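Can you build the whole structure from these sequences, using the hints too?
Listed here are the chains, written in short residue letters.
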Amino acid sequence: MASFKPTKVQFLPKLGEKVTEDTLYWKNYKSPVQIKEFGAVTKIDFSPLAPHNYAVTASTRIHVYGLHSQEPIRSFTRFRDTAYGGSFRGDGKLLVAGSEEGLIRLFDISGRVALRQFTGHSKAVHVTSFLSDGFRVVSGSDDLTFRVWDVPSAVELSSITEHTDYIRALAPSKLNPDLFVTGSYDHTVKVFDMRSGSSVMTMQHGHPVECVLLYPSEALLVSTGGRYVKIWDLLKGGQELVSLKNHHKTVTCACLSSVGNKLLTGSLDRHVKVYNSSYKVVHNFDCDASILSMAVAPDDEVVAVGMTNGVLSVRHRKHKKDKETLTSRRRRGPSYRVFVKGKNFVPRQDDFLVSKPVKQYLRKYDKQLKSFEVSKALDTALQTWTRTSKPEVTVAVIIELNRRGTLKNALAGRNEESLTKILNFLLKHIFDPRFSRPLLTVGDIVLDLYRQVLHQSPVVERQLQRLMEVLGREAELQQELLQVLGILDTLFASLTPRKEVAALAALPVDQGPQLQAA
Amino acid sequence: SLDGKYKVQRHGLFVLCTSGDSVKVYSTRTEEWLHSLQGHTNQVTGIALNPANHLQVYSCSADGTVKLWDFIDGILIKTFIIGYPLFAIYVSEKHEGIVFLHIGFQLVAVHLPKSAEQEVEAKELSAVSRHISPNPSCTAFGREGQYIAFARNLQLNVYFFRKQKTYSFSLKATDKKGAKNAFTCIACHPTDDCIATGHEDGKIRLWRNFIHKKEYTYSTQHWHHNAVNTLCFTPEGTNLLSGGIESVLVQWQYGTGNRKEFLPRLGGSILHVSTSSDGQLFCTSHSDNKITVIESSFKVCGVIQGLVKDAVLTDLMIDPRSKALVLNGKPGHLQFYSLLRDKHLYNLDIVQQEYIYEAGLDQFEVVKAAFDIKGYWLATVEERGQKSSDLEFFLKLWSYDERTQSFVLNTTITAAHTDRIISMCFSSSEETTMLVTIAEDGQFKAWCQGVDADTQQDQNFWSCDFVGSYHNLKPTNCSFSADSSLLAVSFQEVITIWSPDTWELLTTLCQPPGVIRDLCFGRLSCSKYLISTTTRNLLCCWNLLTCAFLMDSFSGLYTVFVFKPNEPRPLFTHKNVCSEKIHRAVFVPREEPLNNCDESSQWLNRSQLYFLTQNMLVIDDSVAVTPFYLLLGKHRQQQQKLNTPSHQAADRPQQPQGSVTITELLHTPAHVLPPASVLCSMFVSSLLISNTGEMESSEQEMNSEKEEEDSEGEMEACDSQQELRVQGSVDEVTPKLSKAQERELKRVRKTDFSWMAGLIASKP
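So the protein sequences, as listed, match chains A and B. First residue of the first sequence? That's 1 in the UniProt record's numbering, and the numbers climb one at a time after it. First residue of the second sequence? That's 1 in the UniProt record's numbering, and the numbers climb one at a time after it.
These are computed hints drawn from the structure, not numbers from a lab. Since the structure is predicted, the reported quantities are computational estimates derived from the model, not experimental observations. Just to be clear, a hint being listed does not mean it is correct.
[Stated by the list, open to error] Distance ranges between label pairs, derived from CB positions:
# : chain 1 : residue 1 : chain 2 : residue 2 : range
1 : B       : Asp192    : A       : Asn409    : 37 to 43 angstroms
2 : A       : Leu440    : B       : Thr220    : 39 to 45 angstroms
3 : B       : Phe298    : A       : Val340    : 29 to 35 angstroms
4 : B       : Arg259    : A       : Val340    : 37 to 43 angstroms
[To be verified] Simulated crosslink set (BS3-like; lysine-lysine; CA at most 27 angstroms straight-line):
#  : chain 1 : residue 1 : chain 2 : residue 2
5  : B       : Lys180    : A       : Lys408
6  : B       : Lys299    : B       : Lys323
7  : A       : Lys428    : A       : Lys390
8  : B       : Lys203    : A       : Lys359
9  : A       : Lys376    : A       : Lys27
10 : A       : Lys27     : A       : Lys428
11 : B       : Lys180    : B       : Lys203
12 : B       : Lys368    : A       : Lys5
13 : B       : Lys260    : A       : Lys364
14 : B       : Lys323    : B       : Lys343
15 : B       : Lys260    : A       : Lys370
16 : B       : Lys213    : B       : Lys203
17 : B       : Lys78     : A       : Lys376
18 : B       : Lys94     : B       : Lys123
19 : A       : Lys8      : B       : Lys368
20 : A       : Lys364    : A       : Lys421
21 : A       : Lys408    : B       : Lys203
22 : A       : Lys367    : B       : Lys299
23 : B       : Lys299    : A       : Lys370
24 : B       : Lys299    : A       : Lys356
Ideal placement from N, C-alpha and C gives every residue a C-beta, glycine not left out.
Written as structure tokens, this is what we have:
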């Protein structure tokens with residue numbers, strides 16, 4: 001006698017992204033906090049010091065936010081025109097920013113008034129930064145020059161004009177105080193050495209450069225511009241390592257995560273892409289508007305993204321602690337000890353063993369199916385918890401009932417409440433390609449069974465109306481998809497070169513004589 | 001097959017069951033087949049214990065004899081010749097020396113004459129009833145043999161021996177609720193005047209007080225939802241056992257109304273129930289060729305399983321590992337049956353769902369299965385909804401687990417194709433495993449293991465590698481070449497040859513008219529040949545090196561043809577292998593190759609050929625009768641196995657020789673006849689002085705024989721490199737030849753008359 005075989009629940013793999021460790025890591029962020037700024041957010045910079053506050057440059061202000069605050073803890077508003085490129089010094093105590101009018105201002109993080117003002121640029125200054133010794137500031141401007149300023153004396157140390165278009169990208173070296181990298185709209189990326197006073201390396205990006213970035217080892221350089229992200233090997237004299245084309249609009253910003261140095265790029269196409277170490281996209285954040293600036297806090301605690309519509313979106317990392325508080329609320333089941341009790345007992349040599357038959361544990365719906373209680377089994381499968389968190393179980397029971405030819409019996413004789421439950425389930429899952437076939441059968445049977453009494457219940461009637469609408473929409477969509485498929489097919493057919501197949505016609509030679517011989 | 005009745009014997013030590021033209025004896029303890037009682041020449045239709053001696057059993061057969069056996073030693077004691085086909089036998093303690101037989105539509109009492117002879121003719125017949133149901137379970141003896149009850153359609157008749165009168169009670173065809181009241185089985189209480197009857201709608205009625213014709217009463221009990229197939233009282237009469245299609249054995253307590261016990265999920269639907277004389281053991285026989293032995297405490301204590309051959313949808317296959325025959329078993333299972341040991345090995349659960357025993361329910365069935373060459377992978381297709389429009393099917397891949405010595409499910413593919421899968425095959429090389437499926441949606445798909453290298457999970461799962469089609473034509477079959485370097489897929493009338501490495505269409509071969517049915521590559525030294533059959537009775541052979549074409553057309557009913565791929569003439573023809581339509585055939589490798597030097601039977605050296613017809617499995621092979629062969633009850637008259645020309649000639653004299661043989665010769669198409677040199681050898685030998693020189697060994701390579709039965713067009717590639725074989729015919733009537741004659745025949749056979757062939761062929 002065979003035992004009852006429980007209902008088999010089909011676990012179909014979800015199509016789409018494959019789950020990797022990287023995806024899991026980057027998925028582990030809370031939903032973003034949105035902070036409204038006054039204008040497009042052009043620069044975000046994290047303080048390298050412990051509280052890791054960050055400066056957000058937008059419109060005529062620079063706001064400094066704490067990691068978890070949504071209100072600015074400090075703001076610098078002494079700009080007459082748009083401010084650009086607010087960035088911290090290595091010790092996090094000073095902040096430098098350029099502006100549309102060509103002035104460069106230096107702020108103490110705790111003060112309000114500018115400590116220094118560097119004048120000299122004739123046009124807007126979009127990028128400013130401290131060199132790594134902390135005593136000099138470098139700035140790049142639309143007047144095609146970049147200048148180096150001495151902080152204590154507020155004088156210009158040097159001014160170099162090598163680029164032939166606006167300078168929009170700058171990255172100082174952290175290891176050498178005399179080195180920095182600039183990128184310009186003239187399609188070039190240049191490495192400057194202050195000791196020689198001129199560029200020591202020039203790389204052709206091929207598009208107006210929006211952002212340059214140095215890896216912590218400073219052997220690799222990232223430049224973005226146009227739709228391309230290019231990685232250069234500085235140790236090989238500026239050889240191009242890879243060229244990535246994953247965005248479909250201009251890539252405006254790039255940054256590195258501090259765990260594992262993963263590259264993140266943001267683009268006007270409203271996506272942030274995360275690359276793994278072999279430069280394959282492993283994760284993707286979607287934003288509401290075109291992205292202009294982006295920064296990642298140390299330890300990847302926060303990912304802050306600034307957009308053209310003036311919204312700053314901040315994602316915080318989820319921590320295990322949060323999860324634990326959730327789980328501790330749930331009732332704890334019996335401990336592991338209870339289940340293994342006596343199981344690992346080793347009998348002695350002359351013990352008489354009485355074996356106990358292993359009891360087969362069945363789920364509730366299986367028990368009901370075993371005793372042919374079909375309606376009850378369907379009710380069990382439609383319980384709220386099963387229905388919402390494990391729809392595949394519900395569908396498996398429906399399939400099983402259909403196989404037994406008793407689905408009609410199970411669906412018959414229901415009141416408004418339970419019918420609503422079934423219709424809700426249909427509304428939610430009927431388009432899921434995994435479930436649509438059995439659920440369409442259910443829909444048919446429900447209509448057949450209750451056609452006479454439908455008008456008695458407005459609730460059910462409304463639901464059916466909705467079901468009809470969504471089904472119509474889905475049908476239209478499918479039709480459009482098929483049309484697109486047809487278009488693509490013709491395109492592919494015309495693209496693939498026609499290959500001559502050597503169709504060898506069968507020559508029935510020698511056939512006659514052989515038959516005669518037979 | 002374990003069809004028919006069975007009885008549990010002598011304190012439940014033995015189970016007897018009819019099986020074709022023999023009765024088999026099994027032990028209930030070990031479930032072992034002890035021996036079979038052979039002697040009938042036709043189907044055994046009934047068995048009954050001799051009430052006077054519990055070590056003896058009567059058996060009746062359609063050949064018109066009743067035989068008395070000692071079943072412990074398997075000795076035939078007596079044969080009673082009745083002269084009419086018998087359909088059932090009933091005996092009773094009260095009627096010693098009389099057996100009640102079912103002849104035609106009559107129930108006849110036969111007085112068995114007491115005589116010392118082995119064969120006695122029984123002439124004293126007296127009819128008890130003129131109209132009884134053809135179903136043998138519709139007749140039963142009542143308490144102490146005082147009356148016999150038999151039912152037919154809606155009428156229950158009770159014949160009282162003392163009064164010599166028949167009382168009949170009838171039911172209406174349907175009652176208010178539309179129940180079907182026709183009788184299906186009868187059982188009589190052993191100590192009480194009570195008759196239990198089973199009905200078509202699943203009701204059981206207990207009839208009482210039928211001694212008085214007018215005042216009879218009955219009570220109704222209902223549990224079965226379909227016809228009650230069998231009823232049986234326990235020897236003390238305390239319980240009533242019933243069984244039906246639900247495969248649940250129900251035990252009703254007698255006299256306490258509705259108290260009952262169930263034993264569910266026994267296997268196929270229950271056909272018969274019987275009890276041992278001490279009531280300790282019950283025994284049920286099932287439609288899936290199975291006998292279950294059950295203790296009186298309602299526990300299964302033994303299962304005797306035969307080869308299930310209800311609805312064979314899959315091909316006959318050979319498991320490369322165990323060399324077991326694999327085909328559909330019980331519903332949703334594949335059975336592994338060892339032909340060598342003639343034993344059911346195990347069932348592999350493919351569908352893995354609870355089987356609902358209900359008539360008319362559309363269930364999942366295994367329709368296709370294929371092994372890879374090493375037996376490490378098994379692919380199965382299960383289907384549901386053949387009748388209705390929404391077809392559901394799953395493609396499953398199973399890997400062999402060394403530890404459990406069984407197949408373990410690896411991958412389930414839910415929507416492998418958009419329409420039904422027609423055929424599938426594994427690549428035949430040992431390095432790569434690839435599965436190709438073809439379906440009615442016009443596509444063929446190649447499946448590989450772990451193509452998806454990106455996922456970091458187990459690499460063992462199968463996924464689709466390539467989808468191909470050819471002008472939207474429906475594919476009909478597919479085959480891999482021996483080294484897996486080529487894949488041939490036939491689309492209606494066109495064969496396409498693909499390279500599985502690059503998925504490039506290499507060439508197309510256009511066929512003469514007719515849709516291609518089967519496709520097969522040669523093996524070993526014949527691997528350059530591609531062979532196909534069409535619906536127009538054509539066998540086509542392509543040489544793939546030159547793309548040259550050989551063709552042959554032939555016809556013949558139930559005929560086996562064996563071909564060499566490079567010759568258009570059949571190497572061997574055998575007509576009327578069996579009387580029924582052949583459904584499938586398979587070559588089964590032998591354990592040790594025979595060496596037979598006869599050219600026409602070389603192809604059987606490495607393997608045996610098995611056919612599956614509607615009712616039984618037949619071995620096309622003239623080798624010794626295997627137990628399996630007997631088990632499946634092959635008809636004797638079909639054994640006209642003429643393996644060698646010498647035997648052919650030797651057998652001839654028994655048949656009306658002249659005209660029949662000649663007309664047969666003349667009416668057969670010339671190209672399907674064996675070479676004239678072979679046919680004439682006997683004739684020629686009498687005329688010629690034979691050259692006794694060393695015969696040039698005919699051990700030329702003879703590879704990849706083709707076998708083809710015309711009716712179904714099953715083709716199987718056979719092992720190659722056959723060696724030679726000498727083996728006698730298995731005919732029951734072995735020709736008795738003197739030593740001298742035999743020596744003469746041997747000499748004649750070795751003689752090379754091939755030069756005669758040219759002479760004869762040149763004749764118009």
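Restraint check for Lys180/B with Lys408/A, where alpha carbons must lie at most 27 angstroms apart: OK: Lys180/B and Lys408/A at ~25 angstroms, within 27 angstroms.
Holds or violated: Lys260/B to Lys364/A, with C-alpha atoms at most 27 angstroms apart: 25 angstroms, holds
Hinted pair Lys323/B and Lys343/B, Cα distance within 27 angstroms: Given pair Lys323/B, Lys343/B holds - Cα atoms ~12 angstroms apart, limit 27 angstroms.
Pairwise hint evaluation, Lys368/B against Lys8/A, where the allowed Cα distance is 27 angstroms at most: 21 angstroms, holds
27 angstroms limit on alpha-carbon distance, applied to hinted pair Lys27/A and Lys428/A: 25 angstroms, holds
Restraint check for Lys364/A with Lys421/A, where alpha carbons must lie at most 27 angstroms apart: 19 angstroms, holds
Val340/A and Phe298/B - C-beta distance against the hinted 29 to 35 angstroms: 34 angstroms, holds
Satisfaction of hint between Lys5/A and Lys368/B, Cα-Cα up to 27 angstroms: With Cα atoms ~23 angstroms apart, Lys368/B and Lys5/A stay inside 27 angstroms; holds.
Pairwise hint evaluation, Lys376/A against Lys78/B, where the allowed Cα distance is 27 angstroms at most: 62 angstroms, violated
Supplied distance hint 37 to 43 angstroms, evaluated on CB atoms of Asp192/B and Asn409/A: Between Asp192/B and Asn409/A, where Cβ atoms are some 40 angstroms apart, the hint holds.
27 angstroms Cα cutoff - pair Lys367/A, Lys299/B: Distance ~22 angstroms between Lys367/A and Lys299/B Cα, so the pair holds.
Restraint status (C-alpha distance of Lys376/A to Lys27/A at most 27 angstroms): 40 angstroms, violated
In summary, the numbered hints that this structure violates are 6, 8, 9, 17.
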